[in-house]
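Let chain A serve as the given structure and place chain B on it in line with the hints.
Residue strings, one per chain:
Number of protein chains: 2
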Amino acid sequence: MSEQSGLLIREATPGDIGLILTLIKELAEYEKLTHTLFATQESMNEALFGERPVAEALVAYYDDEPAGYAIYFHSMSTFLGRAGLYLEDIYVRPHLRGKGIGKTLFSIVANIAVERKCGRMEWQVLRWNQPAIDFYEAHGAEPLDGWLTMRLTGESLSKLAKNS
Amino acid sequence: MSEQSGLLIREATPGDIGLILTLIKELAEYEKLTHTLFATQESMNEALFGERPVAEALVAYYDDEPAGYAIYFHSMSTFLGRAGLYLEDIYVRPHLRGKGIGKTLFSIVANIAVERKCGRMEWQVLRWNQPAIDFYEAHGAEPLDGWLTMRLTGESLSKLAKNS
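Chain order of the listed sequences is A and B.
Just so we're aligned: the first sequence equals residues 207 to 370 in the working numbering.
Just so we're aligned: the second sequence equals residues 207 to 370 in the working numbering.
Same shape as in the complex, but just chain A (with noise of 0.2 Å):
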């Protein structure tokens, strides 16, 4: 997919599943967020290689060494009237930051989106991690400080179904 001055960037196949899971536990770990994982081999390989796939996933390598992922999957935006494209996760290792693999899986993401004529690419970030932030403003990104997202999960979650 990309191939550069050792830099190889792929779709993620059923054996980069436990790659995957180490760098989701690493970014995890950047986020301060370990305590909200709980994905698994079994969960990951259902989500990515299921009957019914929900995400797509890259990996990238460095000189042959793993360095990094992007999950993303489709969303739809009403008032566009048209699909999306999220982007779940966009990781680098600290080690080999500088080197524009995040900037190349960043593109190879949005070339995705432009391709299959997605009206728009979203994605979120901890508002602390202000370098994530710069770098996503530098590339023409525009923070939606107007929306809150809202989250249910758990007993609220179940709670609120029983009563449909």
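Hints should not be assumed to be uniformly reliable.
Each pair may be met inside one copy or between any two copies, as identical chains are not told apart.
[Unchecked claim] Here are the computed lysine-lysine pairs in the DSSO-like style, where the Cα-Cα straight-line distance is at most 30 Å:
| id | residue 1 | residue 2 |
| --- | --- | --- |
| 1 | 323 | 238 |
| 2 | 231 | 305 |
| 3 | 231 | 323 |
To be clear, the hints were calculated from the coordinates, so they are not data collected in a lab.
Being a predicted model, the structure only gives us computed values, none of them experimental.
Then chain B, alone, in the frame of chain A:
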């Protein structure tokens, strides 16, 4: 799907696209976002009922009058390692509010999330829309204040894609 005291909620069919577009326009007016509305009959039909549907829709009728709709799609959480459900829109016409229509729509979507083993349900709300935030919080939803949504669209998206 749900029929109680004059309220009928069912899955949308291609014949509902015109109605859904009318309601999306009303929602855009309420949100002061009509300048961002580009959905058409064709694009909505493609998104909901095309070769590769990206979202699903429910429509609500109250005493045979079109009353509201919900549109949702599957997201994925890498930390949970499984699918989630993203509620793109939920809307009830102003003169039909206060009858439990929104609550029932919301519960049905939560039930779909639980039945499909989604780890969570997420959506976005305008920060100035306090009545909506109160409604969601009353049902156990939590605001993700620490996260910022970023969006890349138009020429910035095309430019980044070309660099891949």
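The hints, checked one at a time:
Taking the closest pair of Cα atoms, residue 323 and residue 238 come within 30 Å of each other only across two copies (26 Å); inside a single copy the shortest separation is 35 Å, beyond that limit. Proximity of residue 231 and residue 305 under a CA criterion of 30 Å is satisfied intra-copy only: 22 Å inside one chain copy versus 46 Å between copies. In the homo-oligomer, the alpha carbons of residue 231 and residue 323 lie at most 30 Å apart only across protomers (23 Å), although the nearest pairing inside one protomer, at 32 Å, exceeds that limit.
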